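**Q** Going down the list, the protein sequences come from chains A and B.
Just so we're aligned, residue 1 is where the first sequence starts under the working numbering, counting upward by one.
Just so we're aligned, residue 1 is where the second sequence starts under the working numbering, counting upward by one.
If you're looking for bench data, these hints aren't it; they were derived computationally from the structure.
All of these numbers come straight from a predicted model, not from anything done at the bench.
Quick reminder that beta carbons are idealized off the backbone N, C-alpha and C, glycines included.
If a hint is listed, it holds; no wrong ones were tucked in.
Listed next, the stretches of chain B that the computed footprint assigns to chain A, with coverage defined by at least 3 CB atoms under 8 Å from CB atoms of chain A:
id	region
1	139-147
2	160-170
3	187-194
4	208-222
Quick list of in silico lysine to aspartate or glutamate cross-link-like pairs, EDC-like style, CA-CA up to 20 Å:
id	chain 1	residue 1	chain 2	residue 2
5	A	K213	B	D219
6	B	K197	A	D151
7	B	K231	A	E218
8	B	K206	A	E221
9	B	K197	B	D81
Take a look at the letters that make up each chain.
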Amino acid sequence: MNIALLLAGGSGTRTEQDIPKQFFNVYEKPVIIYTLEAFQRHPDIDGIIVSCLDGWQEILRSYARDAGITKLRKVVSGGENGQASARNALRELKDICSDEDIVIIHDAIRPMVSGDIISDCIVKCRQYGSGLAAMRCQETIVETKDGIKGDTNISRNDIMRVQTPQAYQYGRVMDAHERAVQQGITNAVYTNTLMLDLGETLYFAKGSEKNLKITTMEDVEIFKALLRMEKEDWVK
Amino acid sequence: MNIALILAGGTDSRFQMSVPKQFVNVYNRPVIVYTLEAFQRHNDIDAIMVSCLDGWQEMVRAYAKQFNISKLKWVVPGGKDGQASARNGIMALKSECRGDDIIVLHDSIRPFVSEEIISDSLKVCRTHGMGVAAVRTMDTIMRTQDGQVGTESISRYAIVRIQTPQAYRMDKLWDVHEKAVERGITGEVDTNSVVSKLGEPVYFSKGSDLNMKINTVEDVEMFKALYKMQKEPKKQKDKSVDKV
Numbered sequence: 001m002n003i004a005l006l007l008a009g010g011s012g013t014r015t016e017q018d019i020p021k022q023f024f025n026v027y028e029k030p031v032i033i034y035t036l037e038a039f040q041r042h043p044d045i046d047g048i049i050v051s052c053l054d055g056w057q058e059i060l061r062s063y064a065r066d067a068g069i070t071k072l073r074k075v076v077s078g079g080e081n082g083q084a085s086a087r088n089a090l091r092e093l094k095d096i097c098s099d100e101d102i103v104i105i106h107d108a109i110r111p112m113v114s115g116d117i118i119s120d121c122i123v124k125c126r127q128y129g130s131g132l133a134a135m136r137c138q139e140t141i142v143e144t145k146d147g148i149k150g151d152t153n154i155s156r157n158d159i160m161r162v163q164t165p166q167a168y169q170y171g172r173v174m175d176a177h178e179r180a181v182q183q184g185i186t187n188a189v190y191t192n193t194l195m196l197d198l199g200e201t202l203y204f205a206k207g208s209e210k211n212l213k214i215t216t217m218e219d220v221e222i223f224k225a226l227l228r229m230e231k232e233d234w235v236k
Numbered sequence: 001m002n003i004a005l006i007l008a009g010g011t012d013s014r015f016q017m018s019v020p021k022q023f024v025n026v027y028n029r030p031v032i033v034y035t036l037e038a039f040q041r042h043n044d045i046d047a048i049m050v051s052c053l054d055g056w057q058e059m060v061r062a063y064a065k066q067f068n069i070s071k072l073k074w075v076v077p078g079g080k081d082g083q084a085s086a087r088n089g090i091m092a093l094k095s096e097c098r099g100d101d102i103i104v105l106h107d108s109i110r111p112f113v114s115e116e117i118i119s120d121s122l123k124v125c126r127t128h129g130m131g132v133a134a135v136r137t138m139d140t141i142m143r144t145q146d147g148q149v150g151t152e153s154i155s156r157y158a159i160v161r162i163q164t165p166q167a168y169r170m171d172k173l174w175d176v177h178e179k180a181v182e183r184g185i186t187g188e189v190d191t192n193s194v195v196s197k198l199g200e201p202v203y204f205s206k207g208s209d210l211n212m213k214i215n216t217v218e219d220v221e222m223f224k225a226l227y228k229m230q231k232e233p234k235k236q237k238d239k240s241v242d243k244v
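Next up, chain A with everything else stripped away, as it sits in the complex (with noise of 0.2 Å):
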């Protein structure tokens, strides 16, 4: 069994607007809609779970009916940060994942994740154990200390950006989430992180430009662009 999980439980204060940028409506529909339709249109996930803000659950369960996410089986309620969210929800799945089964964590400010890239991930967790959507980067990349001044060029063959979706097996994943907290790592911002501090190897998976976090209007604007193109090549 294959179940998304989908991390909406941040209040972002980087767009400096007042919704939830998760429930930004963009072409009349909330961002989280399109990235739950990606995963509801994807023939190998059985179910989804997201991990919400607080106070917008029901909201969220009102919008999905409407869209026909029939997938949605639980809205949990966020942690303060990623880890907490990822948490919260992996805890909520306990009765119904075995340990083989695959979780797919997600962001639900990447509406644009595409089906090829839900497939790789669990493609390359079969294979591996875990399959992190991933990329080169593009451009030159700066180390810094004070965000004024670079000192260093880090290679860009030496590294990969690293997106979500994440599959892991569930086991494993939630085995790290609990060790994390015996051990005092509270504020990692992803799983992948969280399980590198760990001392855990993961494996990379087919990432995208394409698929953006919308953090910022500029990303908003990014998001419509990319939407229209979408429609653009289909009515061709």
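Assemble the complex: chain A is given as a structure, and chain B must be docked to it using the hints.
**A** Chain B alone, transformed into the frame defined by chain A:
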């Protein structure tokens, strides 16, 4: 005096078309014309030089005339990489400029550069001698040997991604490129990499994800969509997320 030096020397074998990406037509004008227009419009830019791929220089001159890029003063031959193209331009500017003039290097394939981003690179340059457009990354970064497996992450707060524009004082820019030759530093993709190789700090100015580089045919499509959107009146203001 502030001079924009537009880098258009590159050919990219990964681009799936015969026309080099800086000359691909988008709504009947080449990408580089949009870039030139951004600098033509900017009040603090006094003149423009293009470091241009051989064989395409006449086209740049013709389009610049057609689209009233009156600030375009020089078109010089490009080099085989970013460092060489910049160097060719700087050599040609040496006799035209004073040491405290500012040269704003910019990729011809970043047509979406905003007025604000150009202004901020100039501003940082006046304080620190250079200002290089930079953005934070929203993805997590992992170290890898083979691109298949990783064991270590780098905090995304410890790095930035470098773009253009990159504003440098002329004397600084000349110095950097001369030192590079003396020390055998060649083939770098951008001038900031040369600065880093010399062991000197690189100062950041404001960048943007919208200030995208057109590298693939997909990026051309994306540019079209963004351009069309910006041209439209904001009729959805009330209904969309734009804060009133």
